[in-house]
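Enquirer: Okay, here's what each chain looks like letter by letter:
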Amino acid sequence: MTPSLTLKQLTKTFAGFTALNAVSLTIAPGERVALLGHNGAGKSTMMKIILGLIPYDSGEIHVTGAAPGSTTARANTAYLPENVAFHPALTGLEQIRYYLALRGENPAKAMDLLDRVGLTHAAKRRIGTYSKGMRQRVGLAQSLIGHPKLLVLDEPTSGLDPVSRRDFYTLLDGLAADGASILLSSHALTEVEARTDRILILSKGNLVAEGSLPDLRRRAALPVALHITPQADKADVVLAALPEATPKDGGLHILCPQEAKLPMLTRITALGALIADLDVLPPSLEDIYSHFSKRDGQ
Amino acid sequence: MNRILATAAAEFRIGFRNRWVAIAMAMMVLFSMVLSAAGSAPSGALGADRLSVTVASLTSLSVYLVPLVALLMSFDAVAGEVERGTLPLLLTYPVSRGEVLVGKLLAHLAILALAIIAGYGVAAVAAIAVDPNATAGLPALWRLVWSSLLLGATFLGTGYAISALSRRPSGAAGLAIALWLVLIVLFDLGLLAAVVADNGGRFTTDVFPYALLANPADAFRLYNLVASDATAAAAGVSGAANTIPAWQSLLSIALWPLAALALAIVAFKKVTP
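Going down the list, the protein sequences come from chains F and X.
The first sequence begins at 1 in this note's numbering and counts up by one.
The second sequence begins at 1 in this note's numbering and counts up by one.
One chain only, chain F, in its complex shape (with noise of 0.2 Å):
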């Protein structure tokens, strides 16, 4: 199967700023890929080039078997922008109408595509008085048109409040269940944690890491953190069974590399009555994201 994205060496500057670094990767069928950076990490250079917006210095990409921006890469395409836009003058309804048109779609099917971003209730108002939430959900709304093998999201759940972001990864799911490929972008790592396949890390345009996220973790191989909560007055006589562990918040606290877990555990669950409470804190995934997003000398 032709794969709905791919990557070699694909490099961008602008103005002797290298905005990506020979990025390679490929996106198969139904695959949902997260791409995560900071501002400026080259994220939506990427996917500029990826919809054929803005030429690539060198490199070789193909968009669904073909040269981005190229008419049956387009066809095959959607996007959502970060921070998207559309005129005001016209209706969410009238909008959505016109994007079905240019991709030969019928536009009665314009309020369907509302109805499943839950803006029925104002597609007949103009999209000048919408909340940028809204106006996110027409966004959605235009991505969803004809079945694109390829969608390409900009940050797709900025401006949205936690229910609809749960509704818009349950969308997505569906879309990729369907065979769609979905590569959206986030400054957030929590955000897309259970929701996507797989994880790219974009650092000053070079791609720092990939993988799952069970993968990232264990590569990253961050310590864990135990806290352990002595019995009153006990403390003391803890600290000396366990002298690499360094009081804070009220407790103790032991950093140990993740093979040293089991044994640090057995050691603790020994000194038995003498303990109250124990927290296993495994790394955050901001953690993880930092891990990698710096890794280049930050």
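There's no promise every hint is true.
Straight-line alpha carbon distances no greater than 30 Å define the calculated DSSO-like cross-link-like pairs of lysine-lysine that follow [as the list claims (entries may be wrong)]:
(1) LYS248/F <-> LYS234/F
(2) LYS248/F <-> LYS261/F
(3) LYS132/F <-> LYS109/F
(4) LYS248/F <-> LYS294/F
(5) LYS269/X <-> LYS261/F
(6) LYS270/X <-> LYS294/F
(7) LYS269/X <-> LYS294/F
(8) LYS204/F <-> LYS132/F
(9) LYS261/F <-> LYS204/F
What the hints contain is simulated information worked out from the structure, not anything from laboratory work.
Model the placement of chain X on the given structure of chain F, informed by the hints.
Expert: Frame of chain F; chain X shown alone:
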């Protein structure tokens, strides 16, 4: 074709909501009415029917007003999309930039046609109401209508080109007004000064006619005056009008819209969203 029509429909709706339809129609009707009222005195003496005289006056009016309305409608076409941030999304759709511009052109031409028909219609009704023989001028009026649309198309296309080149609405607006001043006002003044200074020399005989043909507004005026019986009723370029055959000015006003559109498409293709 569907994509062009869909673009035209959306643009027409936007033009309607932004009051462009109302503004353009009001401008044309108002000026036509003033012209009809002011031009009511000197008719009979010329031996022409009332409507032909009105058409001659309307020609002079349209040379100023049609390009102005066209430029006002078009300067925002590309620059406005860039500023609103709507262009990147539009360009990821399977629609070519040429199709987008042609769609906008159709919508803006339709608005212009409404304004022209309303304005000229008022003047024609006024002329026919006073002079029963005025129906003799109907062919001249019809000629004025379609040639005004060609003139409008030229300046719409030029407006799109300006819009694409300047990329900011404010810059585009400034350029559009400057272009209007140069082509419509200063160009004629410059030619007049050159002809006076030349005093019947080679410039007047060899260069001047082509200079007139090269300017779409002058070609429009020439064509309508040559083709009309009421040439004598109009001042200005009427003398020159007699030495240039009608087919040449017609060719100029027919080719200019195509050239302007081609220029606009080339300029739009250079815009990186």
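Enquirer: Now tell me, hint by hint, if it's right for this structure.
Expert: A quick look at each hint next to the structure:
Of the pairs offered as hints, the one joining LYS248/F and LYS234/F holds, with about 15 Å between alpha carbons and a cut-off of 30 Å not exceeded. Our distance criterion of 30 Å between C-alpha atoms is met by LYS248/F and LYS261/F, whose separation comes to about 19 Å. Proposed proximity of LYS132/F and LYS109/F is supported: the alpha carbons are some 23 Å apart, at most 30 Å. Between LYS248/F and LYS294/F, the direct Cα distance comes to roughly 27 Å. Compliance with the 30 Å bound is thereby established for this hinted pair.
Of the supplied pair hints, the one linking LYS269/X and LYS261/F is violated, its CA atoms being roughly 60 Å apart against a limit of 30 Å. With a C-alpha separation of about 37 Å, the suggested pair LYS270/X and LYS294/F falls outside the 30 Å cut-off, and the hint is violated. Of the pairs offered as hints, the one joining LYS269/X and LYS294/F is violated, with about 39 Å between alpha carbons and a cut-off of 30 Å exceeded. In summary, the hint linking LYS204/F to LYS132/F is supported, as the alpha carbons are separated by about 29 Å, within the 30 Å threshold.
Using a Cα cut-off of 30 Å, the hinted pair LYS261/F and LYS204/F is violated, with the two alpha carbons roughly 34 Å apart.
Checked against the numbered hints given earlier, the structure breaks hints 5, 6, 7, 9 and satisfies all the rest.
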